[in-house]
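Under my numbering, the residue at position 16 of the sequence shown is numbered 29, and the numbers go up by one with no gaps.
No lab work stands behind these hints, which were simulated from the structure alone. Do not take every clue at face value.
[Claimed, not checked] Quick list of the computed label-pair ranges, beta carbon to beta carbon:
1. ALA176 - ALA276: 27 to 33 angstroms
2. SER288 - SER160: 53 to 59 angstroms
3. THR251 - ASP168: 24 to 30 angstroms
4. GLY208 - GLN167: 38 to 44 angstroms
5. VAL246 - SER180: 50 to 56 angstroms
6. ASP155 - ALA236: 23 to 29 angstroms
7. GLY158 - ARG61: 30 to 36 angstroms
8. ALA276 - ARG153: 16 to 22 angstroms
9. ASP38 - LYS175: 26 to 32 angstroms
10. ALA282 - LYS258: 26 to 32 angstroms
11. ARG51 - ALA166: 14 to 20 angstroms
12. LYS54 - ALA176: 34 to 40 angstroms
Backbone N, C-alpha and C define an ideal beta-carbon position, used for all residues, glycine too.
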Amino acid sequence: MSRRQVTPPRVYRGINNLMLGLTQDLRFNGDPRWCSYRQAKERGWQVRKGETATTVVFYKRCLRKGDAGNASGGGEAGGSGGHSHSGDDYNRYFRLLRTSPVFHASQMDNVPVYCPPDLSTQPWRTPEAVETILTNSGARIDYGGSSACFIPAQDCIRLPPKAAFRSDAAFAYTALHEAGHYAYAAPRLNLSQGGRFGSAAYAFEELVVSIASVNVCTVIGVAAEIENTASYVADWLTVLKSEKKAIFRAAADAQRVADYLLAFHPDYAASVAASAYRDDQDDDALAEIDHEDEGGVELAAAA
14 MSRRQVTPPR
24 VYRGINNLML
34 GLTQDLRFNG
44 DPRWCSYRQA
54 KERGWQVRKG
64 ETATTVVFYK
74 RCLRKGDAGN
84 ASGGGEAGGS
94 GGHSHSGDDY
104 NRYFRLLRTS
114 PVFHASQMDN
124 VPVYCPPDLS
134 TQPWRTPEAV
144 ETILTNSGAR
154 IDYGGSSACF
164 IPAQDCIRLP
174 PKAAFRSDAA
184 FAYTALHEAG
194 HYAYAAPRLN
204 LSQGGRFGSA
214 AYAFEELVVS
224 IASVNVCTVI
234 GVAAEIENTA
244 SYVADWLTVL
254 KSEKKAIFRA
264 AADAQRVADY
274 LLAFHPDYAA
284 SVAASAYRDD
294 QDDDALAEID
304 HEDEGGVELA
314 AAA
């Protein structure tokens, strides 16, 4: 189940979904609800004394000093998302990274019991969802052999027969992983840097599609049974150690890949179109929180 902010109700995305998911798996139960101290207080929930907050990050679009007369929004952070992101207008703004502390539902008292969604509210949470996504994506998929891969030169996915996998969940993760490479490539999202096997670009792409496939599995209610991931861990660590922002970029790209694939499930696509869970003004898919909680800390200002 995707991690969710309680008030206003929305699904965490990008780096926040990744970090909260890891924290939840390591420290808490399967309840996906998170909120700030203020949000908890507004609902009559009480964070227990001694509990440690988890940090989420978000970006605010700020107007540069001296440009208040040239564009709407004044000097306040989080200006209108309707401004162009090119030319002089873009240069009047910068992105400000901020943090906010949140708590998991299990760290609070007076919280109502969590009721997981059922098929009546989330009809895409079925094992068949994987086949629906693959079919509707239009990807060419060749079944056969003993290994799974995406072949850029042929623009096709190769998968072993479904019966060769130890479980439906293992098939789902592997199929979505290769579908992630398909989405990553041109002419779809066109995120690929064309890195060869063993290169930093290849390792980064593997990290992205691995996160993306876990995200999709989570949304459709399938446990991600990851196969052969240990062979990539060393390369992932090299990428993450060489660039401090790599995990942010990877999580953002993974969100794009997951969104692309999930859009091929008609029930899920319809729910997204009708909901306020996605913030389409966030063009980098790096942040999704539009409130500023007490205790926010300015980390960096980037042009």
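Outcome of the hint check:
1. ALA176 - ALA276: 27 to 33 angstroms: Holds - the Cβ-Cβ distance for ALA176 and ALA276, about 29 angstroms, lies within 27 to 33 angstroms.
2. SER288 - SER160: 53 to 59 angstroms: Between SER288 and SER160, where Cβ atoms are some 38 angstroms apart, the hint is violated.
3. THR251 - ASP168: 24 to 30 angstroms: At 28 angstroms between Cβs, range holds.
4. GLY208 - GLN167: 38 to 44 angstroms: Cβ of GLY208 to Cβ of GLN167: about 18 angstroms, so the range 38 to 44 angstroms is violated.
5. VAL246 - SER180: 50 to 56 angstroms: 22 angstroms, violated
6. ASP155 - ALA236: 23 to 29 angstroms: 26 angstroms, holds
7. GLY158 - ARG61: 30 to 36 angstroms: 53 angstroms, violated
8. ALA276 - ARG153: 16 to 22 angstroms: 19 angstroms, holds
9. ASP38 - LYS175: 26 to 32 angstroms: 27 angstroms, holds
10. ALA282 - LYS258: 26 to 32 angstroms: 31 angstroms, holds
11. ARG51 - ALA166: 14 to 20 angstroms: 53 angstroms, violated
12. LYS54 - ALA176: 34 to 40 angstroms: Violated - the Cβ-Cβ distance for LYS54 and ALA176, about 53 angstroms, lies outside 34 to 40 angstroms.
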